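Working from the sequences, and respecting the hints, build out all of it.
Line by line, the protein sequences are chains H and Z. Quick note: the first sequence, position 163, residue 163 per this note's numbering, numbers continuous. Quick note: the second sequence, position 90, residue 90 per this note's numbering, numbers continuous.
Hints in this document: simulated from the structure, not taken from any laboratory. Fair warning: this is a prediction, and the values are worked out from it, not measured in the lab. Among these hints, one or two may not hold up.
A few chain H residues that face chain Z, going by a derived Cβ cut-off under 8 Å, partial list only [what the hints assert, rightly or not]:
| no. | residue |
| --- | --- |
| 1 | Ser32 |
| 2 | Lys47 |
| 3 | Gly51 |
If you want the footprint, here are the derived chain H segments under chain Z, 3+ residues with CB under 8 Å [stated by the list, open to error]:
| no. | segment |
| --- | --- |
| 4 | 10 to 17 |
| 5 | 73 to 85 |
Think of the CB as a built atom: it goes at the ideal place given N, C-alpha and C, for glycine as much as any other residue.
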Amino acid sequence: MLRWIVWRDLMLAWRRRADMLSTVFFFVIVVSLFPFGIGPETELLRKIAPGVVWVAALLASMLSLSRMFANDYQDGTLEQLLLTPQPLYLVVLGKTLAHWIVAEVPLVLIAPLVGAQFDLSNETLALLFVSLLVGTPVLSLIGSVGAALTLGLRGGGVLISILVLPLYIPALIFGAGAVEASIMGLSPAPHLYLLGAFAIVSAIFSPWAAAAGLRISLE
Amino acid sequence: MSGRKRTAPCSQKRKDKSARACPFVPFCGSAYNGSGGQPTILELSKLGCVRGDRRLFSELDFAVSPGTLVQLTGPNGSGKTSLLRILCGLLAPAEGEVKWQGANIRSLGEEYFTSVTYLGHRHGVKDELSAVENLRISNALNGIEVSKQRARAVLEQMGLAGRELLPARLLSEGQRRRVALARLLVCDTALWLLDEVMTSLDKGAVALVRSLIENHLANGGIAFVATHQELGLPDTLTRRLELTT
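Here's what the structure looks like:
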């Protein structure tokens, strides 16, 4: 069942490619604005790079979060998903997985490329990639709770940011921290372990909370 | 839940009114011979519904046995949709309970959904997907694998021949409704909850829906249909449940 939900959401995303591309372009542009604004001060750029890329990834994921359940809600398919004979937990997990693949994976893939503007070494760029790979599932998972709770509300998009961005802070600290550690020649492993632990904990609790949120939103 | 306290005076007023004229007039068709010894399979007991600060209905008792069509009527805003959403488990009743084969549907959880098909106001049809994809995916999520050939055959039966592969956004309102209704041909659920499914359907489609329901009843199914149109099914099979404001 999980694969049907993921497959369905991936196909829907493919038929609406423009939405996916807008998230990627937003990410690329926000990251690129910093080198333009600061100028060719490589020392400073290298220092801010991890934080800038991570913050841009958080903001870019905000763009797609409000759409996570809203489209299904409007055409009535979300009601039907709630009435399928399988745990809502799995439905939400499937939709979250699809959201991660559609909205976050492109950012992870393109991050080393846009990171090159900050004069980072290959090693650091690779680590940026790894930290985003481990950390971005957290964005989809915690974001799903915000998306479920704000479903059907006017101005839900802004409300999601207020609800969800503070919860992203641990992922930001450890994700950017891993890259910074490697720039300073320290081992990034502790940061990545903590980031991974945070991803696992949110994978356990977020679908459950989002499922409860959806039930409330659809009453 | 918090709305209940606020509505207490209002509900009292409604109850007084209901003492004069009972708000629910569940009367049977003239030749309806009770449950005919058949076991009650769906039971509504003391059901009450509050939306916002308005009490839509309360103390609703109703029992349905297999092979029965329940036609749900009442003016706009009388709670037809809310009742159907309570019956399918999307909405929690403010009071009372719905029992399916003797067990409260809230305690049955997902198991209950294997016996229910709900078609609401909103079609539940994805604009980006074709009719075939819509049908196959919505059934797959309900645990029924439908082959492409079968999906095409079913859609042809629904009068959508030649339009199976168009994205649903290119279909008319009535055709989209037909795509949604195609699910009834595939599902094997015992309880159908149909909310105003006749809107924007032409005469042919209405006849088709009627024959679908007739088949369903003949197989011992139950159908709750909220509609203002006369379905024209025999009175022996039809019971009416009228909600008033």
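Results of checking the hints against the structure:
Because the beta carbon of Ser32/H sits about 31 Å from the nearest beta carbon in chain Z, more than 8 Å, this interface hint is broken. Annotation: Lys47/H was flagged as interfacial toward chain Z, and the flag is violated, the nearest CB pair being 44 Å apart, outside 8 Å. Of the supplied interface hints, the one on Gly51/H is violated, with its beta-carbon coming no nearer than about 37 Å to a beta-carbon of chain Z, more than 8 Å. Proximity of the segment 10 to 17 of chain H to chain Z, defined as three or more residues with a beta carbon under 8 Å from a beta carbon of that chain, is established by the 4 residues found.
Coverage of the segment 73 to 85 of chain H by chain Z holds in this model, with 11 residues showing a Cβ closer than 8 Å to a Cβ of that chain against a need of three.
This entry does not satisfy hints 1, 2 and 3, going by the numbered hints stated previously.
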